[in-house]
Amino acid sequence: MIYWSSLITFYLFSAGVSAGAMLLSIAAGFIDPVKYKRIVTTGAYIAPFPIMAGLIMLIFDLERPGLFWLLLTTFKYKSIMSIGAWIITFFSTVSIIYFILNLQKDYLKLKTRATAVNAIKIVGLILCTSVALYTGLLLSTLTARPFWNTPMIPVLLFVSAVIDGLAAISLVLCFKPDEDKGYINTFIHTGDFVLLYLLLLCTVIFLIGIGKSTQSAAIALGIVTSGQLSALFWVGFVAVGVVIPFIAAAYKLCTKMRVHTPWLNFISALFALTGGYIVRGVIIDAGQLTQAILF
Amino acid sequence: MSAPVKSGKSPKWAMLIDTTKCVGCLACVAACHNQNELPVTEFFNRVEEQEFGRFPNYNRRFLPMQCQHCDNPPCVSVCPTGASYKRSDGIVAIDTQRCIGCKYCILSCPYKARTINREHGFVHKCGFCAVLLHNNALPACVGTCPTGVRVFGDLNDPNSEISNLAASKKVVQIGKDLNTKPSIYYIIG
Ligand code: SF4
Ligand code: SF4
Numbered sequence: 001m002i003y004w005s006s007l008i009t010f011y012l013f014s015a016g017v018s019a020g021a022m023l024l025s026i027a028a029g030f031i032d033p034v035k036y037k038r039i040v041t042t043g044a045y046i047a048p049f050p051i052m053a054g055l056i057m058l059i060f061d062l063e064r065p066g067l068f069w070l071l072l073t074t075f076k077y078k079s080i081m082s083i084g085a086w087i088i089t090f091f092s093t094v095s096i097i098y099f100i101l102n103l104q105k106d107y108l109k110l111k112t113r114a115t116a117v118n119a120i121k122i123v124g125l126i127l128c129t130s131v132a133l134y135t136g137l138l139l140s141t142l143t144a145r146p147f148w149n150t151p152m153i154p155v156l157l158f159v160s161a162v163i164d165g166l167a168a169i170s171l172v173l174c175f176k177p178d179e180d181k182g183y184i185n186t187f188i189h190t191g192d193f194v195l196l197y198l199l200l201l202c203t204v205i206f207l208i209g210i211g212k213s214t215q216s217a218a219i220a221l222g223i224v225t226s227g228q229l230s231a232l233f234w235v236g237f238v239a240v241g242v243v244i245p246f247i248a249a250a251y252k253l254c255t256k257m258r259v260h261t262p263w264l265n266f267i268s269a270l271f272a273l274t275g276g277y278i279v280r281g282v283i284i285d286a287g288q289l290t291q292a293i294l295f
Numbered sequence: 296m297s298a299p300v301k302s303g304k305s306p307k308w309a310m311l312i313d314t315t316k317c318v319g320c321l322a323c324v325a326a327c328h329n330q331n332e333l334p335v336t337e338f339f340n341r342v343e344e345q346e347f348g349r350f351p352n353y354n355r356r357f358l359p360m361q362c363q364h365c366d367n368p369p370c371v372s373v374c375p376t377g378a379s380y381k382r383s384d385g386i387v388a389i390d391t392q393r394c395i396g397c398k399y400c401i402l403s404c405p406y407k408a409r410t411i412n413r414e415h416g417f418v419h420k421c422g423f424c425a426v427l428l429h430n431n432a433l434p435a436c437v438g439t440c441p442t443g444v445r446v447f448g449d450l451n452d453p454n455s456e457i458s459n460l461a462a463s464k465k466v467v468q469i470g471k472d473l474n475t476k477p478s479i480y481y482i483i484g
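Going line by line, the protein sequences match chains A and B.
Position 42 of the first sequence, counted from 1, bears residue number 42 in my numbering, the numbering being contiguous throughout.
To convert, take the position in the second sequence, counting from 1, and add 295; that gives my numbering.
Looking at chain A on its own, in the form it has when it is part of the complex (with noise of 0.2 Å):
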C-alpha cells in the first residue's frame, strides 16, 4: 500500500537540489571564488528556495497539516524524521543567510567580515550534506522495508542531489550569456562527468545488492526491473536520468567543447533533474509496495 504519495517524493527531489546546490556554490567559492563565481552565486541563489517549495509539499503529506509545528517543538534524537526537521530548518535559515550575503556581494556591498562569512559556509557546508543524507537515511534505517534498507540509499540519493543541484546550477546558467572562457563549462560537465559516472556505480551495486538479499528485497526488485515501475526505471531514471546527460557530458569534455552551448546543457540538464525526481519516486513507490516477509 502507498502511504507516501509522490508529495514525498518532490519533497525528497527538491531537498535534495537545494542541499546539492549549496554544496557546489561553497565548494566552488572555497576551489576558486574569482573563476567559478558564477557557480557561487548562482548556487546560492537557487539554494533556498527548491526547499521552501518542498516543504509545503510535505506539510500537505501529513494526514493533520495543521499540526505540522508539533515537529518543531519536539526533538527526538531516534528519530531521523525529527533530526531531519531540525536540519531541514536550520538548513533553510543559513541558506537564507547565505543567499543574502552574496546577494550584498553582488548589489548591496555591504562591509562583511571574512571569519564571519567564512563560517556560514563551513555551517552551510554541513547542513547541505546533511540534508542530502538525511533524506536517505530516513528510508534506509527501516529494516521493514527490504528494498529500502540498505546502505546503498544514503549514497544514491546523496549523489543523485550534488547532480540535481549541479543540474539546477546549469539549467539557470543557460539563461545567461557565457562571459566565463569555458571555465564554467569545463566546471558543469566535469562534475556531471564523474557524478554521473558515480550513480551508475551505485546504481549498479544497488540493484546487485538489492537482487542478492531477501526475497521480499528481490520482489521489490522485480517490480522496478520488470514489472509496474519498469519503464519508469529503465526510461525515466537509467536513460534519461544518467545514460543521456552522461554521454553528453562525455562528449562535450571528449571535443573540448569549452563554448557554451546553452541548447545543450539545457537538455542535459533537463534530463538530470527528470531523472532525479523519477529515481526518487522508484526508489519510495518500490519500498512501500513490498515489505519484509516474516513468515
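Honestly, I wouldn't trust all of these hints.
To be verified - Far from chain A, some chain B residues (derived; all Cβ distances over 10 Å):
| no. | residue |
| --- | --- |
| 1 | Val-324 |
| 2 | Ser-403 |
| 3 | Gly-422 |
| 4 | Asp-452 |
Unchecked claim - Stretch-level coverage of chain B by chain A, calculated; a stretch enters the list once three of its residues show a Cβ under 8 Å from a Cβ in chain A:
| no. | stretch |
| --- | --- |
| 5 | 326-338 |
| 6 | 411-418 |
| 7 | 435-442 |
In short, the hints are calculated from the structure, not lab data.
Predicted model, so just to flag it, every value in this text is computed and none were measured.
A virtual CB, placed ideally from N, CA and C, is assigned to each residue, including glycine.
Please arrange chain B with the ligands on chain A, whose structure you already have, making use of the hints.
Here is chain B with the ligands on its own, set in the frame of chain A:
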C-alpha cells in the same frame, strides 16, 4: 480463564497465540472492531490465511496478526513527535493528540499493525485493550475466542500461565531477527 491479576510489581503484558487451535472464525476481529468502535475499513487485528506444502501433504493455517507490542518498537523510535510511546507495562500506545499523521510509523512496522483513522487523520492500532485491563478484564479478542487460541497475562508474574508458556520451547516470536522483541508469542502448527 481468569482476568489478569496484578502482581506486586507493575505488570508486563504479553500474549500467546496458539495457531494450532485457530479455526479462522474471525470472532476476535469482530470483537476488536466492536470494542474499539472502528469503522468497517480499519482493523487492529486480522487473521492471515497461509497455505503450505504440496498436495497431498498440503495444509492451511490461520495466523492472527496484530500489534506485537514490541519491546524494541521501530514505530516508537521513528515517531518524530513522541506520539507513539512505550508504556511501563509494555503496551505500545499512541497519544493521538500529538500524532501529525506523517505515517512514518506505519512504514516502519514490519507487522502491518498500524492504520490511519480516516476521520481524524491520526494513526491508531491495537492497544491491548488497556481500558479493559485497567478494570481487570481481558482484552476483547482474548475473551471472545471460542477455541482458546489466545492466552494473555503478566510476564512479571512468574506463576502466570503466560510466563510458563513464553518460556517453553514450542513458542516463537515472529520477525524476531528484525530485533523488534515482540510481546506476542506464537505456537505455529
Ligand atoms: S507491532 Fe508494529 S506497531 Fe506494534 S509495537 Fe511493533 S512495530 Fe510498533
Ligand atoms: S503518524 Fe503519528 S504516531 Fe506515527 S510516526 Fe507520525 S506522528 Fe508518530
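Q) Which earlier hints can't be squared with this structure? A) Numbers 2, 5, 7 - these are the hints that the structure violates, sorted from lowest upward.
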